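Trainee: Given next are the chains, with one letter for each unit.
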Amino acid sequence: MAALPTALQVKARVKSRADRADDIALLKQELELPELEYVDISAQIELQKALNRWPLLEEMERLQPAVQPRVHQADFDKLP
Amino acid sequence: MTALSLRGLRGGVGTSSLLAATGQALHRLGERVLLVDMCPENLLRLHFNVDVSEPGGWARAMIDGVAWNTQAWDVEPGLSVLPYGRLKLEEQDQIEQRLLSEPMLWDRRQASLAEHFDWILFDVPLRLPGHAHIGPCALRLRIVEADAACHVLIQQDESSGEHLLINRFDPVSQLQRDLLLIWSKQYGARLLPLTVHLDEAMREALAFKKPVGTYAESSLAAQDVLSLATWCLTRRSEAE
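The listed protein sequences correspond, in order, to chains A and B.
All letters in the first sequence, in the order written, are residues 33 to 112 by the numbering used here.
All letters in the second sequence, in the order written, are residues 32 to 271 by the numbering used here.
Since the hints were made in silico from the structure, they are not lab data.
It should be emphasised that the depicted structure is a prediction, and the values quoted were computed from it without experimental measurement.
It is possible that some hints are incorrect.
Listed below are several chain A residues computed to face chain B (Cβ distance under 8 Å; list not exhaustive) [stated by the list, open to error]: (1) Ile56; (2) Ala57; (3) Leu58; (4) Leu59; (5) Leu79; (6) Leu83; (7) Arg85; (8) Trp86; (9) Glu90.
The C-beta atom is built at its ideal place from N, Cα and C for all residues, glycine as well.
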């Protein structure tokens, strides 16, 4: 049976693809600043758009305040 | 020996086909695998070329007073499948009552199988709590599709110890992409870092009486399932 290299790369605690792709989490770890307040605005906007597209998802979201985006897209017409 | 269970969040999400494929992929990676069908629908065996008319299985054996461990089929050396068996509705109820009154039954069965297999994979039904008493299980996966029904059901689900695996993912669908984004934020590490893509080969595999990795080795679904099997091996190593 052919050996698949993927079966062997399992020695250390392997970070998931999502963990590795999260630059901000890696930066916090590198700087040893786990409490650093950082809001990924573009990700929050994408999440908000996804929720706004579907009434059921929006309704469910109101029941789940944990992932409520903290930032909304700016409306520059209303800025002073 | 490591136990892995797959259970759909709702019916029809492709759990049995995914379990058959995962068992075959683990076997391909050199593991000794037993697949156990806990579902009265008794479909898992059909992925391994067992005759449709064959009535035998572990639950049938319990009703008939026959030894349950004589009912498995060796597909290949190191790959076996234990069907549920064909049971009438009232017989299924009898098994459910028996499993509820003897919740340690599959603990003992697992222990007796441990030296023969590296993995035991359980296809667990939705609404039969007795049939979900499968003994110690290191990896429990809840199979979902990225649709609105599953979105509602996940939030109502109380068994948060299970990982979530998206089956039949279609990246062309705006709704599915949105749900993947939302679930990634909402469920974090509980959501597996891989999805199994929508692929006609998965449906065709059952019609061909094979797991997808045997029926269409180079198909997208087969490659995804191989990634899933590798993820399972990784998780087992981390647990050791």
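Trainee: Take the hints in turn and mark each one as holding or not.
Mentor: Hints, one by one, checked against the model:
Because the smallest distance between the Cβ of Ile56(A) and any Cβ of chain B comes to about 14 Å, over 8 Å, the interface hint for this residue is violated. The restraint placing Ala57(A) at the interface with chain B is violated, with a minimum CB-CB distance near 11 Å, outside the 8 Å limit. Checking Leu58(A) against chain B: minimum C-beta separation of about 16 Å lies over 8 Å; hint violated. The beta carbon of Leu59(A) is not positioned within 8 Å of any beta carbon in chain B (closest approach about 18 Å), and the interface hint is therefore violated.
With 8 Å as the threshold, the beta carbon of Leu79(A) comes within range of chain B, its nearest partner Cβ sitting at about 6 Å, so the hint holds. Hint status for Leu83(A): holds, given a least beta-carbon distance of 7 Å to chain B, under 8 Å. Against a cut-off of 8 Å between C-beta atoms, the interface hint on Arg85(A) holds, since the closest Cβ of chain B lies about 6 Å away. Given hint, Trp86(A) at the interface with chain B, holds; its Cβ is 7 Å from that chain's nearest Cβ, closer than 8 Å.
Interface hint at Glu90(A): violated, since its Cβ lies 11 Å from the closest Cβ of chain B, which is beyond the 8 Å cut-off.
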